[in-house]
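Protein chains: 2
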Amino acid sequence: MKAIASAPAKIILAGEHFVVYGEPAIVMAIDCYAKVSVKDRNDNVIHIASNLGFSGSFKGNRFQPDHGGLGAHKILEPIRIASQTALKELKEESGLNIVIKSEIPVAAGLGSSGALAVATVAAVGKFFGVNFTKEKIVNLSFEAERFVHGKPSGIDQAISTNGGIIVYKKNQGITPIKVKKKIPLIIGNTGELRSTGDLVKAVKIKRDRFPKIIDPLIKTAGHLTTKAIKTLKSGDLTKFGELMNINHGLLSAIGVSNKTLDNFVHVAIEAGALGAKLTGAGGGGCMIALSPLKKRKKIAKAIKNAGGTPIISSKVDEGVKSWIQK
Amino acid sequence: MKAIASAPAKIILAGEHFVVYGEPAIVMAIDCYAKVSVKDRNDNVIHIASNLGFSGSFKGNRFQPDHGGLGAHKILEPIRIASQTALKELKEESGLNIVIKSEIPVAAGLGSSGALAVATVAAVGKFFGVNFTKEKIVNLSFEAERFVHGKPSGIDQAISTNGGIIVYKKNQGITPIKVKKKIPLIIGNTGELRSTGDLVKAVKIKRDRFPKIIDPLIKTAGHLTTKAIKTLKSGDLTKFGELMNINHGLLSAIGVSNKTLDNFVHVAIEAGALGAKLTGAGGGGCMIALSPLKKRKKIAKAIKNAGGTPIISSKVDEGVKSWIQK
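Chains U and W supply the protein sequences, listed in that same order. Residue numbers for the first sequence, in the working numbering: 1 to 326. Residue numbers for the second sequence, in the working numbering: 1 to 326.
If you are wondering where the hints come from, they were derived from the structure by calculation, not from laboratory data.
Identical copies look the same in the list; a pair holds intra-copy or inter-copy alike.
Simulated pairs of lysine to aspartate or glutamate, EDC-like, Cα-Cα distance not exceeding 20 Å:
hint : residue 1 : residue 2
1    : K227      : D215
2    : K259      : E270
3    : K233      : E318
4    : K219      : D208
5    : K206      : E270
6    : K91       : D40
7    : K170      : E135
8    : K239      : D215
9    : K134      : D317
All values reported here derive from a predicted model rather than from experimental measurement.
Just chain U, with the same shape it has in the complex (with noise of 0.2 Å):
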């Protein structure tokens, strides 16, 4: 027998960046998962295997990898770290067998890492018969997300757990919205790999030069995400597209968007969509459009002809979950 759970991607509705000054930021789960098998093993080693390409054992803090290379360690630790969190709240010390399956690209703003850490955490939980609550879930996949961002917000884990959207602010958490629309999005990946660090360190220089543009600016932001709140409420997506796109305006403004994100953007509103704006750190990683139904096709065929990745998804209202296989 084996323990399975699955925790779904995020992205960021609004509000990335300026999160960091204060303001609020929207944050939605997606139905775009990874997935996490977990057995018992007579010894004491945690082996660990992705469809990433790259699998190794863990003995105590040893490494032993089989794919990947060192470079194995990097990708990995996190999920031993999450794993053993777990173990040691169990009061277990078996040994693991565990198995990534995941849909969510990496390092591209998705919060893979987080619904990684949170499925691990849930599926250990599961295997030695523990449904572990949402809130313990979000505590116990914290370490394995510091090892990954340093300082994490929590707001991966915890939107990985939850599902459905929440809104986040610095020293106020998060709080859930219901939303009953779908929000059906097309996720556009560049590929292009960046560092949220050098970002959010680009944007603090560019605001200590310019602190009379800059915060004003970041006040517009958060004006900006508080009416996309009430906007997503209320339902109406062709007022919520207006405002992703002055959203994307900003967010060129503090110099975060490229020529692929820009490109991205515009394409897709070219091909029907109601609005379009980079999403999570930017200078690369993905963008999102919202779509109307009809023109996801489109919009999709669209961001790949212009050399993206397109990746068609919706909100998702169920966080993670896990099961027993026999």
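On the provided structure of chain U, position chain W as indicated by the hints.
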């Protein structure tokens, strides 16, 4: 003998669109010229020939095209208005042969019609032995600009007449500012025609829909232009370039950029521009890149490779000038 006058084109360095809502704009004369030559005729016909392929005769208000069909009327009528306004001021009743040689792309936001009106007025004056004052030239070219733009701000005639750099603010008029640096630019013409009026209207609609977002955004743009004025005076072109990039993002946020403009902005920066932005109404027309002198060819080539027409250009401190040719 004939009289010749030449007047420079203009670009907007900062503040377009936001100027409609009372914020300042910075306008600069560039070394790209409209040249008009004038001599008298024995009849009372005004014949106008333009290097754009239009020519025709005005007898009173009746127009007879030679080239360009009836479409020539719209192009040549403002020249007729400018010349007859000048004749009236001079209390002359002669017919005129007017020949236009303009380097300024038409309907691209570079103030082609303003420069033509100014040069026409100055040339007509010169022919009849009068050096109009600058103030007089601005006033006499107003009627022609009203024909073209409906409600002109007066800024295009002012900059073509005076040269240099001016700051314009609604209800406060025009203030020349002294800038020692050369301000080397590459202008990238998209060749995409757009209606300034439609774009101004679209921004107004956005503001009416989202006043709590667009109003502070406009104020932010005002702070930016104020900072840009100080930065220009100080001669810090690196900083001015950064402000151009932020300005372009704010213009994107109000929806007046487009795919081509964004692309030109990115390729110019990749090729070494200190900053880049759309200039004028947007939605097509032109962008400008602030270019270190050594990078001018590279940036011009990048814009050309991206499908644009580059114009290598700089600030010019002298405005309209006129002379007699025997």
